[in-house]
Amino acid sequence: MPKTREAAADTSVWPLLRRERTWGPWRLGLALATAAAATWCYLIGGYAGNYLNFFQGSLALTAGSMIGMLLVLLAAGPICIRFGIESVASTKPQFGSKGWTIPALMQLLSIIGWNAMLLIFFAKSLTQLLSVLDWLPPGLGAMQVVPFTTLIACAVVFFVLLWGASGITHLSNILVAHVFVGLWMLYLLVSRRWPDLIAAHPTLAQPDPVWNYTTGIEIGICSLVSWWAYIGALIRMAPDGRNIVVPVMVGMGLPVPLLSLIGVAGVLVLKDSDPSSWLRNVGGHRYAIIALSFVAAANFGTAIAGIYASAIGLRNFRRLEKLPWLVVLLMTIMPVAFLGMFVPELVFSRFGTILALIGVCFAPLCGIQIADYFVLRRRHIDVRAIYEVHPGSRYYFWAGFNPAAVVAVIFGIALYVYLLNPLTYESHGPYRFLTASLPTALVSALIYIAITRLVVIPAGRGGYAPRIDAEPAAATIPL
Amino acid sequence: MSDPPAATTTREPLEPELERRVRALEAGPDAGSDFDAASWFWMVLLGIALPAALLVWGWFG
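Just so you know, the protein sequences line up as chains A and B, in that order.
Under our numbering, the first residue of the first sequence carries the number 1, and numbering increases by one thereafter.
Under our numbering, the first residue of the second sequence carries the number 1001, and numbering increases by one thereafter.
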């Protein structure tokens, strides 16, 4: 597919210029909403519904989601929107000209893991839909069809993304409808089972109501903080910081808790957060078809945005920088296709564990980025240095790594796991009053600031000191 | 390789297309703008005030 140099910019990791960033607030909001709304919303809601009733669960999840979205926006937003770069590239001033591989690995594992799961959900929903419609050939079950439909889904994602970000735009204009279908499903359940919903008691609720409420908030924060991996690749398509706040907070921050209410209601009333399982019982055959179509479409839109973000992130590796876009796309999709085709059941049974652990990495990352940009660098970023890798460059630190960021991430992860074990939900210390993500982000930020001021700046590393250029100056761009 | 003196940075040549883009961003007009006052208002409203109100409502409501 021939593309001009500028038209191909959205498939490269290089900064986008203002005239190439054509997404207005509505387009950005639609793309973000399409990316955010997927099966994971039901899972998130299902977790909250284990501890809270519908009223408290709804409000705690929504509040937590908006707080988490704010953290992500403050962390990756300013650098991505000013220079038209994606999330991983925005970490080079903090982690170093080689240390960015740490957040890159987190992004890659997170997105590949999640998208393998989403495309398998998509394939399962499609298989169920074929079954409901009696279109499934006799003798074929989910086990035989899921690998094949996963392969088809990966192929469609690949061809859509050959258009780069414009592929997301075209599809999000259509798939955003599924957000409204999701709200209609929620209305259906709430209106038909309201007495049951009000009377329902969360099955795993602890005796301490403060702990339950805090856990609902934490589920919202932790889920949305994981959007760090996606957000840069999408918001860099918009030209101005002033135009992204409402689309991000409303377009990405609100659909997740709203659609999660389906999972809260489902798990409280029917003990199952996935509407494709229960809508047939609640609404009958016709509603089942709509629900399954919705679930399939929702996962598909998210997977497309995720694969795009991951492929752009991979471009940060120099060896992949100049490879044709379709090769990078293939490299991103192939692990997803492999997992979906050959070990789909393993993905379902084990990946929740891996992803829960990956999820705890993003809170420290957000704290570090916010501290560096707003406190230490006072909004001064050298865009040229983001692309320089030689030992004399500003963001080289020591051997390309910034120890302040590495130590802060390690301490942050350890603190999170101490406050709340994401696998067992066993908690310690002030978790019940503070959540786990917020103190983790704060402590990581403080550790980062302390090490930077005590070690990095006195050593003249990291470009914090006034710069004396050996070559003609390249101005930093202040606010 | 020894590191350069503190607070001194050396510039390395970039790919021609990347160089063009970086120069355009450094010049200013091709860079995006940071958050303005309205952005901060919406962030405080949607990311702090709204969640705080929802949490109070959920606890006492």
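Check before you lean on any hint, since a few could be wrong.
Only pairs whose alpha carbons sit at most 25 Å apart, straight line, appear in this in silico SDA-like list of lysine to any residue [to be verified]: (1) A:98 with B:1050; (2) A:98 with B:1019; (3) A:98 with B:1029; (4) A:98 with B:1013; (5) A:98 with B:1042.
Simulated from the structure, these hints should not be mistaken for laboratory data.
Predicted model only: the values in this text are computed from it and were never measured.
Status of the hints after comparison with the structure:
1. A distance of roughly 39 Å separates the Cα atoms of residue 98 of chain A and residue 1050 of chain B; the hinted pair therefore is violated under the 25 Å criterion.
2. Distance hint between residue 98 of chain A and residue 1019 of chain B is fulfilled; the C-alpha atoms sit about 20 Å from each other, no more than 25 Å.
3. Pair hint residue 98 of chain A plus residue 1029 of chain B does not hold up; C-alpha atoms about 29 Å apart against a cutoff of 25 Å.
4. For the suggested pair residue 98 of chain A and residue 1013 of chain B, the alpha carbons sit about 18 Å apart, so the restraint of at most 25 Å is met.
5. The suggested pairing of residue 98 of chain A with residue 1042 of chain B is violated, with an alpha-carbon distance near 35 Å, which exceeds 25 Å.
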